[in-house]
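Protein chains: 2
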Amino acid sequence: MLVLKVQPLSKAAFAPFGDVIETADSDFFMINNNNTQRFHRLAQVELSDASDKAIISIFRAKSLTMPLQVKMLERHPKGSQAFMPLKGQPFLIVVAPAGPEPELDQVQAFIATGEQGINYHLGTWHHPILCCAASDDFLVVDRAGDGNNCDEYYFAEGVQIMLDPQLALSGSSS
Amino acid sequence: MLVLKVQPLSKAAFAPFGDVIETADSDFFMINNNNTQRFHRLAQVELSDASDKAIISIFRAKSLTMPLQVKMLERHPKGSQAFMPLKGQPFLIVVAPAGPEPELDQVQAFIATGEQGINYHLGTWHHPILCCAASDDFLVVDRAGDGNNCDEYYFAEGVQIMLDPQLALSGSSS
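Residue numbers (this note's numbering), protein chains in the order written: chain C, 5 to 178; chain D, 5 to 178.
Honestly, the hints are just simulated from the structure, not real lab data.
Where a beta carbon is used, it is the ideal one built from N, C-alpha and C, also for glycine.
Treat the hints with care, since some could be wrong.
Away from chain D, derived, C-beta distances all over 10 Å, residues of chain C [what the hints assert, rightly or not]: (1) Ser14; (2) Ser52; (3) Lys57; (4) Ala65; (5) Leu68; (6) Leu90; (7) Thr117; (8) Cys136; (9) Asp150; (10) Glu161.
Derived lysine-lysine pairs resembling DSSO-like cross-links, with alpha carbons at most 30 Å apart [what the hints assert, rightly or not]: (11) D:Lys66 / C:Lys91; (12) C:Lys57 / C:Lys9; (13) D:Lys66 / C:Lys15; (14) D:Lys91 / C:Lys15.
Using the sequences and the hints, build the whole thing.
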């Protein structure tokens, strides 16, 4: 059994998987007659085909029962996918690097503060949204276009990957 | 003097200017093993050139003194620009239809709830972000690429356009 250690989300730790969308430690410049700080280009939408469009949606997610067994991961082979929390609530992230299939020893878990969003790079394996509250809303920026843009990978039945957000506090792992 | 009546933001009223990004009265479908409602494609990013990119930024805005004199509007001739509030706070919007310059008799004002975002269509004249709280954060999705993407239009000195958010409650106008 693999119990995932839940790490605090940071740009450095998440760099192999995507962008962290946050103002902390991000550069900005002033716009609008010095009334607004623009924290510029925290993430970029990745598209594959000339006819692809970047679209904006809202995901309304229900909480999952914890501790959670991670049975599958998915990836979007034709575009990036960004999630920004709209209610200021923390959420969990489980990822593995892009590749033909997720490598078990490279699966990582993170917890985002309610002021951090993420942008999965094209191809990053990730678990569907994992909200901690009873319900949560996320602004989602991803790709619309022709062809399949979602691959799912189910781990073999004997593989047990457990996610316990309590471990974010204790820092335990095994 | 023109005092702008502040209207509640709705998809129908805002349609000439852009999209309203909200779950209310929006279609969704279920994803993620029925754990998540996807309110799909509430807005689409508009880009002009093949090399353009859709990018994600955060704007941190300071409140403006009210009542406010609307001295200028701006437009982005090469792309759309979406704003989604991240702290659940209402904000104000002043717009005029796309065209060579804003038409004074077509300037309109709206107030968004903290659960509504907007996406200005390419070319829509709009005031820089107008937050009601002392400070507010917005996720912004807009266009990066070559060439000028911001035109500003300053009204003549004799033109007084006033915005008073109190009017959203009374519904007064003149």
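So, going through the hints one by one against the coordinates:
1. Ser14: Serine 14 of chain C clear of chain D: closest Cβ-Cβ about 17 Å, beyond 10 Å.
2. Ser52: About 13 Å separates serine 52 of chain C from the closest Cβ of chain D, which puts it past 10 Å; holds.
3. Lys57: Non-interface label on lysine 57 of chain C violated, nearest chain D Cβ at 5 Å vs cutoff 10 Å.
4. Ala65: violated (5 Å)
5. Leu68: violated (7 Å)
6. Leu90: violated (7 Å)
7. Thr117: It holds; threonine 117 of chain C is separated from chain D by about 12 Å at its closest Cβ, greater than 10 Å.
8. Cys136: holds (13 Å)
9. Asp150: Answer for aspartate 150 of chain C: holds, closest chain D Cβ roughly 15 Å.
10. Glu161: Given a closest Cβ separation of 17 Å, the condition holds.
11. D:Lys66 / C:Lys91: holds (20 Å)
12. C:Lys57 / C:Lys9: violated (36 Å)
13. D:Lys66 / C:Lys15: Judged against 30 Å, a Cα distance of about 26 Å means the pair holds.
14. D:Lys91 / C:Lys15: Given that 30 Å is the threshold and the Cα spacing comes to 22 Å, the pair holds.
When each numbered hint is compared with the structure, violations occur for hints 3, 4, 5, 6, 12.
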